[in-house]
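Peer 1: Position one of the sequence shown corresponds to residue 1 (UniProt numbering), numbered consecutively onward.
Source of the hints: derived by calculation from the structure; they are not laboratory data. Every residue gets a Cβ at the ideal spot worked out from N, C-alpha and C, and that includes glycine. Watch out, some of these pointers could steer you wrong.
Unchecked claim - Listed below are the simulated BS3-like cross-link pairs for lysine-lysine, each with C-alpha atoms no more than 30 Å apart in a straight line:
no., residue 1, residue 2
1, Lys433, Lys329
2, Lys734, Lys543
3, Lys731, Lys592
4, Lys357, Lys592
5, Lys18, Lys541
6, Lys731, Lys543
7, Lys600, Lys11
8, Lys345, Lys325
9, Lys519, Lys734
10, Lys348, Lys329
11, Lys327, Lys433
12, Lys541, Lys600
13, Lys731, Lys541
14, Lys597, Lys541
15, Lys734, Lys11
16, Lys433, Lys348
17, Lys357, Lys345
18, Lys18, Lys596
To be verified - With beta-carbon atoms standing in for the labels, derived distance ranges:
no., residue 1, residue 2, range
19, Asn20, Ser807, 26 to 36 Å
20, Val28, Ala289, 58 to 68 Å
21, Thr744, Gln875, 22 to 32 Å
22, Lys600, Arg212, 36 to 46 Å
23, Lys600, Gln882, 19 to 29 Å
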Amino acid sequence: MMRNLKNTGLKFSTMETKLNRMIVGIFVFNAFLLVSSMCFAYVGQRSTYLRAPAAWYTHHEGAGYTESLTDARIFFGQLMNFYVIYTFVIPISVFISVELCRVVQALWMIWDEEMRSYNDGPLSQAELEELAIEQGTDEDAKRQLQQQRTIKAAAAAAAEVSESSTRITIDKDGGDLVKKDNKKGRFWKNARPKFLKKKKKAPKNWTRMHVRNSNLNEDLGSVEYIFSDKTGTLTRNVMKLSKWHIGGRTFHELQQPGSLGQRMRDPSISDEEYDLLMAFCRNIAVCHAVLPCEDSNTGELLYEAQSPDESALLEALRDNGVVLKAKTKDSVTVEIFGLITETYKVLKVLEFTSDRKCMSVIIDTPQGIQLFCKGADNVILARADSGENDTLLMRQLDSTVRRFSIAGLRTLMLAWRPLSPEEYRIFDERYTKAECHIGDGEDGSEDREELIRVACETIEGRLRLLGCTAIEDRLQDQVPETIAYLMEADIKIWLLTGDKQETAINIGISSRLISPAMKILVLNVKVERDCRLVLEYFVEKIKERERDEERFWQEYHQHSSKAGIELPEKDRYALVVICCRVTPLQKALVVKLVRKKLHKVTLAIGDGANDISMIQAAHVGVGIEGMEGAQAARSSDFSFKQFKNLKRLLTIHGRYSYLRMSRIIFFSFYKSICLITVQFWFGFMNGWSGGALYDEYFLTLWNMVFTALLPIAVACFEKDVEEESIGQYPKLYKAVKDGLYWNTLTMAGWGIASFWHSGALFGSIYGSLSHGVVNSASEVMDVSMVGFYAGALVLITVTLKMLLMISHWTMPIFAALGISMIGYLVVFVGLELLGMLEEGVFTSLHTMPLYYLGLLVIPIGCLLPDYTIAYCMRQYFPSDAQIIQEDQRLARLKQKEAAGGAAANKGKNTQGDDLDDQEAMMEMDAHEEEEEGHEEDEDGQEVEDGKAKERSENKV
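Whenever a hint applies, use it, and build me the whole structure from the sequences.
Peer 2: The structure is reproduced here in structure tokens:
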């Protein structure tokens, strides 16, 4: 393992390489300005002073100036003058701005709550039960488990939807539910990334991602090849023994835990079978690099191991009654069924290496010296003794291993052999001599590692097969969805694994790395010449297929990998490549193949020490903080706990970083060129005397204050589309990766804009001041006023140009804009009050109407072509991002219309309720009047009846 580890070198992003090229270009441009200005100055001043003076005011009669002036003095005098002035064309501040923005972007990644992961330990009992159901044959239980997961997912989605930015309050008077849109602080909230808007109480057991190299932020937005490890990267690396296969019998440990121990305790078992099972268990108990220890709190026996496979085997063996109790350098103690304790003397440990692909331990037992070996099936079968092993059982074991691999299980084959004392003595002498050898083979001497390997192979022959193990390692959450999204974003994914071909293909299918529509081409040859011929055949076959058809290559064995490295041009046709049985060094060689030969941005992701060389070889190295230690994470540039976070790292943080870095770099060069080119045009007006157009304080503060905050704010908060849209449309990442924001046309556009703006600005300044008088008081602008006038125009023009590029307006951008503009006025007013400027120059300039008219009209006129081109491009040749921007804008308008319609309906309902109330009141009044009328009628009737009664009584 240590042979594959190298010190981590310095990594620089591909954009930094482009930036360095632009710096070289700006130095060339600076030299061009310098040489041109010196030539103009030499010709102009020599003509003025030495030949035929045309300006009488340039003479210094009596001073001897003309007589003492020589050509050399003119040339070298102007050289230093123009050198000082034109130095400001080099945007030195761009490096400070870029580094500052990288730090902020790294903080966005670290603070992103969606990039965090929980510190999940071993599988819980519920997860183990689910795993047993998945591996079982009970279809009803599987269906019920799927229904439970669906219900949980629906409940989680409903809970997420219930969280809304609108508040619901209760009207105290009527008790109605009223929605109130919280618009306060809307711009500031939009300034923060989505993942910072919702503050949730962080659980105790979660971990943020780590950024160790922020120089590579923008490279995350241009990745074209991803090289991934399998175990611990795509899978959880939480191993659980699934099956044993011993002597033609398979024991299902997940479905029937302890079945192996039950068989060993079965009274009907034969002595031959018991000895075979016991040898199998003894192999697992002694052939490992695990240290047993007890938990100080619970007293439970724990196994500490670098390899999760070994700890899973020993834990399963413990559950079956065979327990590893203690281990030292020289001995191993094993307890069998709690009745027998055996202690074996360890004579020699032949460590596992990626080249040998196996491990062996030689122990001294009461039955004699024995060697126990475990490793890859192809290695163990190649060293098996055909005379000592039954041919039928060998074929059955090979078939069983293949079947386990097709199911996606990690397999190991176990074997043993007895050793005579003489055989061990000869081996021990040879092995000790190899260990003591000094030399690495580079100076022609024998390689020490090679001598050790040869010595191990001599003793690891004539093995007797015992059986095999199969370990379950489930995929991490959302791995298939993540891989499918990345492939839709036109990112080629290569899987580099040391597992068997069948296991790798199974993982490729389950993770959606291999789709049913793909054409699978299997390269499985051992001779380099044959491998080359097969590759040539594959390439011709691929070229015959349609251009947009998906393709798949697989390279197998070391010879295949070597031939593939020598034919890099063939790999560009493959959409997916799976390399099997590769060593850590071969992983690094494959990455270097694509990086150096295809000139593509590569990303390598892994979790173990065997992935370090691959991580260091790629442009961007990503480490998974998994179960195999922190070596890979510490050697990486970015690290987190789950593979699914890679999607957000690339498509959100990487894409935004690439966009923002492109904007700030182009703008930094544009503003410097525009500023100094105006100074260059000014040379035609001042006779190339070398006089500075701008004030020295203006030049000093140009990059530090006036044009520093706005590009930094844009580089920290700018986004062309929202995060949800990027997650919905993978092609948005492809567009940026293919050069949407950094290409030759864009670079040329910024360069042409800088020359056009500088020329238009100087022409406008010269034209507006050609009459001299600028106000009613007959005041004219002197050269100092012209310098401040030109500086203000350049500042406003470049600021408006930057505002034209902004798609996402936030409060920090508004604040940076205000500080830049107000800071310009405050600084120079303060300098004038302190007497550091010529008295009255800056304040007098702001009393001239022409100054304000120029500030209003000239920048708009200069930027009119820019706005026109931007409008036409957006209307007739829009990018995918611009189309989505329009969709989002229309969606917001519809939402506002819907909200307005709801408010109008609510108003109508309220008005209708008032009308109903009025009608009800009128009806009540009418009803009361009617009742009163009835009462009056009744009273009148009673009066009439009384009078009639009185008349009748009088008659009587």
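Peer 1: Now, for every hint given, state plainly whether the structure supports it.
Peer 2: Structure-based check of each hint:
| no. | hint | verdict |
| --- | --- | --- |
| 1 | Lys433 <-> Lys329 | 21 Å, holds |
| 2 | Lys734 <-> Lys543 | 23 Å, holds |
| 3 | Lys731 <-> Lys592 | 27 Å, holds |
| 4 | Lys357 <-> Lys592 | 24 Å, holds |
| 5 | Lys18 <-> Lys541 | 37 Å, violated |
| 6 | Lys731 <-> Lys543 | 25 Å, holds |
| 7 | Lys600 <-> Lys11 | 15 Å, holds |
| 8 | Lys345 <-> Lys325 | 14 Å, holds |
| 9 | Lys519 <-> Lys734 | 23 Å, holds |
| 10 | Lys348 <-> Lys329 | 10 Å, holds |
| 11 | Lys327 <-> Lys433 | 27 Å, holds |
| 12 | Lys541 <-> Lys600 | 24 Å, holds |
| 13 | Lys731 <-> Lys541 | 28 Å, holds |
| 14 | Lys597 <-> Lys541 | 22 Å, holds |
| 15 | Lys734 <-> Lys11 | 24 Å, holds |
| 16 | Lys433 <-> Lys348 | 14 Å, holds |
| 17 | Lys357 <-> Lys345 | 24 Å, holds |
| 18 | Lys18 <-> Lys596 | 17 Å, holds |
| 19 | Asn20 <-> Ser807: 26 to 36 Å | 28 Å, holds |
| 20 | Val28 <-> Ala289: 58 to 68 Å | 60 Å, holds |
| 21 | Thr744 <-> Gln875: 22 to 32 Å | 23 Å, holds |
| 22 | Lys600 <-> Arg212: 36 to 46 Å | 23 Å, violated |
| 23 | Lys600 <-> Gln882: 19 to 29 Å | 27 Å, holds |
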